[in-house]
Structure formats: C-alpha cells, structure tokens
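Engineer: Working from the sequences, and respecting the hints, build out all of it.
Each chain, written out:
Protein chains: 2
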Amino acid sequence: MYKLFLDIFDGILKNLITKNLNMGETMSDLKAMNELNEAFANRKDQLYKQKEEGRKVFGLFCSFVPIELILAANGIPVGLCGGKDTTIPAAEEDLPRNLCPLIKSSYGFKKTKSCPYFEAADIVIGETTCDGKKKMFELMEKMIPMHVMHLPHFRDERSAKLWLDEVKDLKKMIEEITGNEITEEKLKEAIDKVNKMRKLFYKIYKLRAKTPTPIKGTEALRLFQLAYLLDIDTLIPILEKLVKELEEKVEKGEGYEGKRILISGCPMVAGNTKIVDIIEEVGGVVVGEESCTGTRQFENLVEGYDLEKLAERYFKIPCACIFKNDNRIKRIKELVKELNADGVVYYTLQYCHTFNVEGARVEEELKKEGIPIIRIETDYSESDKEQLKTRLEAFIEMI
Amino acid sequence: MYKLFLDIFDGILKNLITKNLNMGETMSDLKAMNELNEAFANRKDQLYKQKEEGRKVFGLFCSFVPIELILAANGIPVGLCGGKDTTIPAAEEDLPRNLCPLIKSSYGFKKTKSCPYFEAADIVIGETTCDGKKKMFELMEKMIPMHVMHLPHFRDERSAKLWLDEVKDLKKMIEEITGNEITEEKLKEAIDKVNKMRKLFYKIYKLRAKTPTPIKGTEALRLFQLAYLLDIDTLIPILEKLVKELEEKVEKGEGYEGKRILISGCPMVAGNTKIVDIIEEVGGVVVGEESCTGTRQFENLVEGYDLEKLAERYFKIPCACIFKNDNRIKRIKELVKELNADGVVYYTLQYCHTFNVEGARVEEELKKEGIPIIRIETDYSESDKEQLKTRLEAFIEMI
Numbered sequence: 014m015y016k017l018f019l020d021i022f023d024g025i026l027k028n029l030i031t032k033n034l035n036m037g038e039t040m041s042d043l044k045a046m047n048e049l050n051e052a053f054a055n056r057k058d059q060l061y062k063q064k065e066e067g068r069k070v071f072g073l074f075c076s077f078v079p080i081e082l083i084l085a086a087n088g089i090p091v092g093l094c095g096g097k098d099t100t101i102p103a104a105e106e107d108l109p110r111n112l113c114p115l116i117k118s119s120y121g122f123k124k125t126k127s128c129p130y131f132e133a134a135d136i137v138i139g140e141t142t143c144d145g146k147k148k149m150f151e152l153m154e155k156m157i158p159m160h161v162m163h164l165p166h167f168r169d170e171r172s173a174k175l176w177l178d179e180v181k182d183l184k185k186m187i188e189e190i191t192g193n194e195i196t197e198e199k200l201k202e203a204i205d206k207v208n209k210m211r212k213l214f215y216k217i218y219k220l221r222a223k224t225p226t227p228i229k230g231t232e233a234l235r236l237f238q239l240a241y242l243l244d245i246d247t248l249i250p251i252l253e254k255l256v257k258e259l260e261e262k263v264e265k266g267e268g269y270e271g272k273r274i275l276i277s278g279c280p281m282v283a284g285n286t287k288i289v290d291i292i293e294e295v296g297g298v299v300v301g302e303e304s305c306t307g308t309r310q311f312e313n314l315v316e317g318y319d320l321e322k323l324a325e326r327y328f329k330i331p332c333a334c335i336f337k338n339d340n341r342i343k344r345i346k347e348l349v350k351e352l353n354a355d356g357v358v359y360y361t362l363q364y365c366h367t368f369n370v371e372g373a374r375v376e377e378e379l380k381k382e383g384i385p386i387i388r389i390e391t392d393y394s395e396s397d398k399e400q401l402k403t404r405l406e407a408f409i410e411m412i
Numbered sequence: 014m015y016k017l018f019l020d021i022f023d024g025i026l027k028n029l030i031t032k033n034l035n036m037g038e039t040m041s042d043l044k045a046m047n048e049l050n051e052a053f054a055n056r057k058d059q060l061y062k063q064k065e066e067g068r069k070v071f072g073l074f075c076s077f078v079p080i081e082l083i084l085a086a087n088g089i090p091v092g093l094c095g096g097k098d099t100t101i102p103a104a105e106e107d108l109p110r111n112l113c114p115l116i117k118s119s120y121g122f123k124k125t126k127s128c129p130y131f132e133a134a135d136i137v138i139g140e141t142t143c144d145g146k147k148k149m150f151e152l153m154e155k156m157i158p159m160h161v162m163h164l165p166h167f168r169d170e171r172s173a174k175l176w177l178d179e180v181k182d183l184k185k186m187i188e189e190i191t192g193n194e195i196t197e198e199k200l201k202e203a204i205d206k207v208n209k210m211r212k213l214f215y216k217i218y219k220l221r222a223k224t225p226t227p228i229k230g231t232e233a234l235r236l237f238q239l240a241y242l243l244d245i246d247t248l249i250p251i252l253e254k255l256v257k258e259l260e261e262k263v264e265k266g267e268g269y270e271g272k273r274i275l276i277s278g279c280p281m282v283a284g285n286t287k288i289v290d291i292i293e294e295v296g297g298v299v300v301g302e303e304s305c306t307g308t309r310q311f312e313n314l315v316e317g318y319d320l321e322k323l324a325e326r327y328f329k330i331p332c333a334c335i336f337k338n339d340n341r342i343k344r345i346k347e348l349v350k351e352l353n354a355d356g357v358v359y360y361t362l363q364y365c366h367t368f369n370v371e372g373a374r375v376e377e378e379l380k381k382e383g384i385p386i387i388r389i390e391t392d393y394s395e396s397d398k399e400q401l402k403t404r405l406e407a408f409i410e411m412i
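Chains D and S are the protein sequences, given in the same order. Residue numbers for the first sequence follow this note's numbering, so the first one is 14 and each next one is one higher. Residue numbers for the second sequence follow this note's numbering, so the first one is 14 and each next one is one higher.
Don't read these hints as lab results, they were simulated from the structure. Just so we're clear, the structure is a prediction, and the values are computed from it rather than from any experiment.
The list that follows gives simulated cross-link-like pairs (lysine-lysine, BS3-like), each with its CA atoms no further than 27 angstroms apart:
| no. | chain 1 | residue 1 | chain 2 | residue 2 |
| --- | --- | --- | --- | --- |
| 1 | S | Lys64 | S | Lys206 |
| 2 | S | Lys174 | D | Lys329 |
| 3 | S | Lys155 | S | Lys185 |
| 4 | D | Lys185 | S | Lys174 |
| 5 | D | Lys329 | S | Lys155 |
| 6 | D | Lys337 | S | Lys181 |
| 7 | D | Lys381 | S | Lys155 |
| 8 | D | Lys337 | S | Lys124 |
For the chain S half of the interface with chain D, some residues (derived, Cβ under 8 angstroms), not all of them:
| no. | residue |
| --- | --- |
| 9 | Asp107 |
| 10 | Asp144 |
| 11 | Leu152 |
| 12 | Arg374 |
Covered stretches of chain S, as calculated for chain D (at least 3 residues, CB under 8 angstroms):
| no. | segment |
| --- | --- |
| 13 | 108-118 |
| 14 | 162-174 |
| 15 | 329-342 |
| 16 | 362-368 |
Where is the CB? At the ideal position from N, CA and C, for every residue including glycine.
Structural biologist: Dropping the structure here:
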C-alpha cells in the first residue's frame with residue numbers, strides 16, 4: 014500500500030518537495046554540524062526504509078507529545094513541516110488569512126502533499142495548545158488520521174490528572190497503531206534515551222553561555238529544528254561529537270562575539286530562520302532560544318520511569334498557552350543571566366494571541382530588572398525584512 | 014468605601030460613560046421594548062442602590078457562567094461592556110492590535126473606568142473560552158479582582174468532571190464573597206427563575222419564526238444585549254409583556270417581511286449592532302441569532318436542581334471554542350428550518366480564530382444542504398461599512 018504511495022511520491026512530488034523544503038544547507042566549520050546536515054539529507058530515505066521494515070510513523074506538531082511512548086513501541090516520532098510560506102496560499106483557500114503562519118504553512122504542506130514527513134505519517138498527533146491549531150485540526154482530519162491530546166489550560170491538580178489520563182490514552186493509541194506493547198522495560202529504555210539527548214542539549218547550552226560563544230545562532234537553530242526531524246539514534250552521536258567540538262573551541266577561546274541575544278517566544282520550525290538571520294546580520298549573536306525550538310524542547314528531565322513522571326515532565330513545559338504561565342517569565346529572567354545575554358528579542362508569529370499577549374507581561378517584568386527587550390511580530394514573508402533589520406539594528410546598537 | 018467611589022464615579026465619569034455607552038435608544042411600537050429601554054436607563058442607579066443594600070456584584074464576560082449560583086447567594090450577575098470601539102485605543106497600549114475587538118473593547122472599558130458595570134463589580138468571573146480572553150485576563154487582574162473558570166477544550170467525560178469541579182469552586186467563591194450560603198432551596202429557586210426567563214426567550218423565538226416576523230432584528234438584538242445587563246426580576250415581567258404583544262401581532266398578521274436571515278457566530282454585545290443594522294438596511298430581516306447574544310444565551314434548560322444538572326446545562330453550550338463542536342453545526346441547520354430562514358450570515362469578529370476557522374466547516378455543511386451562507390469578518394470600526402453593505406445587499410438579492 015505505502016509502496017504504491019512511495020512511487021507516486023517519488024515520481025510526482027520530488028520537485029515540489031525540493032522547492033518547498035529548501036532549508037538552506039551550508040558548510041560549517043563544525044564537523045558535527047556537517048554530519049547533521051548529511052543526516053538530514055538522508056532522512057527521507059531512512060524514514061521510508063524504516064516504514065518498509067514495518068515501523069509506524071507518528072507526525073508531531075508540538076513539544077508537548079511524550080515521544081518516549083512512541084519510541085518505546087518501536088514507532089518513529091517525526092516533526093512536521095510548517096516553516097515556509099510557499100504552502101500558505103493553498104492553506105488560505107480553507108483557513109482565514111488572519112491566522113498564524115505556522116498553522117497555515119503546516120496545513121498547506123499537508124494539503125499540497127509536499128512534506129515527506131506528513132506523507133510518511135501513519136497518524137498525526139495534535140494537542141489543544143492554541144485556538145488556531147485546535148480548530149485547524151478539525152479540517153486537517155479530513156486529510157490524515159489524527160489523534161488530538163487534550164492539553165488543559167490550567168496548571169493545577171485537576172488539570173494534571175486530566176493530562177495524565179490523556180497520556181494514558183496516548184499510550185493505548187500508540188500500542189494499537191504499532192501492535193507493540195509498551196512494557197515497563199521498553200519505556201525505561203526510551204526515557205533514558207530521550208533524557209540522554211536532553212542532557213546533551215543542556216551541555217550545548219552551557220557551552221553557548223561562554224564568551225566568545227562557540228556556535229552561531231543560525232547553526233544552533235538549525236540543530237534544534239533538525240532534532241525534530243531526525244532519528245534519535247542518528248542524532249545522539251552527532252550531539253556527542255558536537256559537544257566535544259564545542260568544548261574544544263571554548264578551550265581555545267574560539268567563537269563568536271557581539272551583542273548577545275536571547276530569543277524568546279514562538280517556535281521557529283525548519284525553514285523559518287528569518288529573525289535569527291537578521292539578528293546575526295546586524296551584529297548580534299544569538300546565544301539562546303527560550304522556545305519550542307530551544308529550551309522548551311529539552312529542559313526538565315523525566316525523573317522516573319512511570320507514566321506519572323513522564324506526564325509530569327511534559328506538563329511543566331512553560332508554553333504561553335497556559336493560563337498564568339509565571340514559570341516562563343521566571344525562566345526567561347534566569348536564562349538571561351545564565352547565558353550572559355545583553356538583551357531579549359521577543360518573537361511572536363503574527364496572530365499568535367498567546368505569545369503576543371504574554372509578551373506584555375514579559376516586557377514589564379524584564380524592564381523592572383533593567384533587561385533590554387524588543388518585541389517583534391512577524392510572519393514568514395519577506396515584506397517586512399528591511400523594517401525588521403532597521404529595528405533590530407537599532408536595538409543591538411542601543412544595548 | 015464604595016460610597017466614596019460612587020461620588021467619584023458620578024462626578025467625574027458621567028460624561029465618559031454617556032459618551033462611550035451610547036447604545037442607541039429609539040422608541041418602539043412595542044410597549045415592552047420601551048419598558049426595556051427604560052429599565053436599562055435606570056439600571057445603573059438600581060445597581061448602585063442594590064450595592065448599597067449590601068448585595069455583591071459579579072461582572073460577567075460570557076454565557077458559560079452559571080448565573081443561578083450568583084442569584085442563589087443573593088448576588089447580582091451583570092454583563093460587562095465591550096461593544097464599542099471608543100475604548101480600543103486605550104486597550105491597544107497594553108494589548109496587541111491583532112486581537113478581537115470585543116476583548117480589546119472590554120479591557121479598554123475597565124482601563125478607562127468608563128463602564129458602570131465594571132466599576133460596580135466586586136469581582137469579575139472569566140473563563141478560558143479563547144486564547145485572547147484567557148491571556149487578557151492575566152493583565153486585567155491587575156485592575157480588578159478576578160475568578161477565572163477552567164472551561165475545558167473537549168466535551169468528553171473527563172472534561173465534564175473537570176467542569177463540574179470548576180462549578181463547585183465557583184459556588185464556594187460566591188458564598189465567600191457574598192457571605193451567603195447557597196442552600197438547596199435557594200438554588201432551586203434560582204434555577205426555576207432562570208429557566209423561566211429561558212422559556213420566555215424560547216417563546217419569543219417561536220414567534221419570530223412566523224411570517225411576517227413580529228419583531229425587527231435590531232430590536233431582538235437589543236433585547237438579548239440588555240438581558241445581560243438588567244436585573245432578572247425586572248427582565249422577566251418585561252419578557253412576559255413582550256410575548257403577549259408579539260402574540261397579538263402574530264394573530265393580526267402584523268410584522269416585518271423581507272429575506273429572512275439567521276445570524277450565526279460571535280456575540281454582539283451591547284453597543285455593537287453594526288451587522289444587524291446593515292442587514293435590515295438593505296432589505297433583510299433578522300429572524301434569529303445563533304450566538305451568545307441569542308440562542309446560546311437561553312437554549313437548554315437546567316433539568317434538575319443539583320450542581321451536576323446545573324454544570325451539565327452550561328457544558329452543552331455549543332461555542333466554537335470547543336474541539337469538534339458538531340452540535341453547533343447541527344443546531345444551525347435546525348434553526349434555519351425552525352425559523353424559516355432564507356440564508357445565514359456567518360458573523361466573525363476580526364481575529365477570532367475559533368469562530369473564523371469553524372466557519373469553514375459551517376459553510377461546507379450548509380452548502381451541502383443548499384442553504385445560502387455568506388461569511389463576514391469585521392471589527393467595530395466604520396471603515397468597512399460601505400463594503401459590507403454592498404456584499405450583504407448582493408447576498409440578500411441573490412437568495
């Protein structure tokens with residue numbers, strides 16, 4: 014069945030994919046980054062080979078989905094495309110224009126069948142993080158099987174209970190799709206593996222805190238973006254090499270200097286590098302990302318081997334979709350100190366109400382502590398690039 | 014304490030209120046409507062008198078709050094202002110421009126202290142219906158005490174359980190604020206009273222189904238808008254008179270003819286009559302509102318006298334904030350038939366993701382049944398009025 018699909022896919026859609034999924038590969042002075050790019054170049058073939066071996070593919074939108082459960086069932090978690098504006102016109106035939114570019118782009122990728130990860134997915138796992146995604150899923154469901162997790166608004170005890178039940182449902186669904194039981198042993202193994210990955214990301218973050226910082230923001234972003242797409246068993250050895258290389262650079266005092274910027278806000282998924290590109294063009298150097306392509310991707314380990322502990326770790330992710338998300342604001346302030354950042358670029362995707370409104374509170378809190386902050390709201394288009402450049406240049410000069 | 018406030022309020026803010034809260038009172042051929050307008054003119058004084066008598070005022074945003082609990086504790090539920098664009102500039106100092114006008118207007122009314130109901134409120138009850146409101150509440154909380162109810166995204170058993178717990182918390186909070194215990198007897202009395210009001214609204218809806226329809230859409234809208242603001246004991250006798258008058262008109266075959274329109278979508282709170290005004294200007298007659306200022310305000314009775322039944326009634330409200338809100342789509346189709354509507358004007362407030370995205374599904378489903386539908390997205394400004402007029406005129410001619 015999917016063999017047939019593969020042929021169609023390879024035959025007809027190859028051009029579209031190359032066109033839409035151009036993610037700007039360049040040679041790095043870091044060998045590990047070059048390996049990462051190579052792994053990405055091979056990912057599509059690897060994924061389809063894994064499918065041929067009978068493994069099931071779970072497409073993901075968000076860092077709230079406990080990938081440990083997928084891995085424990087020998088499934089493959091893979092991020093979905095949503096970082097390019099090429100697919101937005103197709104999406105706008107069904108979705109309102111006044112909707113965040115990430116949501117429209119994702120929907121458009123599925124609609125135009127131009128994302129290999131969407132096409133490989135046996136099922137897509139969504140979650141009720143924001144109004145736009147929640148309601149978009151109702152339309153997407155007509156194109157691909159979906160399982161939507163109920164992520165509650167609050168962070169109280171009764172919400173934790175509901176979330177744990179949702180994680181239990183997810184486990185059942187994954188076992189059904191894969192036909193594999195998630196045993197205690199398998200779960201422990203998966204938890205250890207994902208924790209190992211998280212610890213490596215932590216190490217990289219600590220190395221980025223040094224002056225000069227050993228890796229450019231554009232490369233770090235690429236790392237976080239591709240981490241969602243790659244096989245974890247491919248990724249971990251690359252991260253290990255990268256840690257080593259960065260340690261060596263730090264030891265030698267090599268790296269990048271400039272105004273040190275912490276980015277905070279909406280995810281920047283593969284294909285979307287707009288704001289980091291601009292910051293580093295105008296003399297800034299991005300040393301951290303308080304983002305789902307950044308800290309929210311790897312902070313907090315799973316501190317035990319049962320479903321309770323697993324659910325707990327994901328429940329803690331400080332996303333702006335949470336009502337009274339004070340932990341996020343606290344964490345941003347800590348990150349500024351830990352990373353020796355000179356200022357914060359608060360990044361909101363256009364029409365993203367949660368991050369946009371929360372931005373007012375973040376700004377107020379940072380200003381109280383004398384931390385410079387600039388708030389940017391933008392989409393995936395090129396139209397505001399010059400204007401953003403001017404604003405960010407002025408901000409970086411000022412701090 | 015609030016005596017002092019009253020003086021300040023009456024002295025300094027009277028002008029502001031009159032300016033911002035001009036809700037277009039005109040004489041009606043229906044005596045009950047004139048009584049309604051009179052009751053509204055007196056409402057502010059009545060409310061402050063009730064406060065002086067020691068009763069507590071609960072400001073409400075949304076039809077999800079079980080007002081029976083407030084009434085059972087001898088409290089006063091009152092809707093909050095949010096229908097005028099005059100307060101939006103003040104709101105946009107704190108909130109993003111890309112946010113629904115209702116949210117911005119409400120916030121602006123509180124910020125500029127220009128809504129008597131906000132100023133009278135001892136506490137405001139919010140709920141997590143949408144991203145914009147949820148996050149706005151975090152900022153509003155700095156200006157007024159708030160209690161936010163956790164309204165879950167799903168409509169499954171575990172969400173119903175969570176909602177019931179939230180209703181129980183609300184009861185406790187109301188008892189604390191008022192100092193009055195909500196006894197079984199008091200609750201029963203309140204449930205009966207609110208059900209009585211709902212049944213009267215039902216009767217009015219059935220009368221509007223007749224041809225000619227005995228009341229203009231602009232007047233019906235005013236009724237639903239003011240119902241949120243008036244004291245229920247003042248409202249019920251007015252509704253009874255209105256039912257009688259409308260029955261008489263129907264008997265005599267008096268009323269309004271023209272293309273019969275069902276409005277469906279976002280709430281139109283007091284001050285916002287834009288779309289209904291235009292529809293009736295260009296030859297349509299609005300016969301129903303599938304809206305929180307309309308059916309969602311009064312449909313479904315509380316079918317028992319305990320908290321479970323109370324929570325259940327509110328849990329059923331088919332708001333677009335619900336994931337897989339199929340009941341709403343079903344209900345719209347039924348309403349078209351029940352009200353003999355010729356077409357549906359789907360009304361979305363700008364940047365309201367939930368109603369906007371759900372509009373695609375509503376449109377698809379109605380078109381399948383051959384029901385004409387036009388989708389309108391607008392704000393509170395005058396700028397698109399001529400354009401809307403042209404579009405709605407064409408739609409009404411076409412159907």
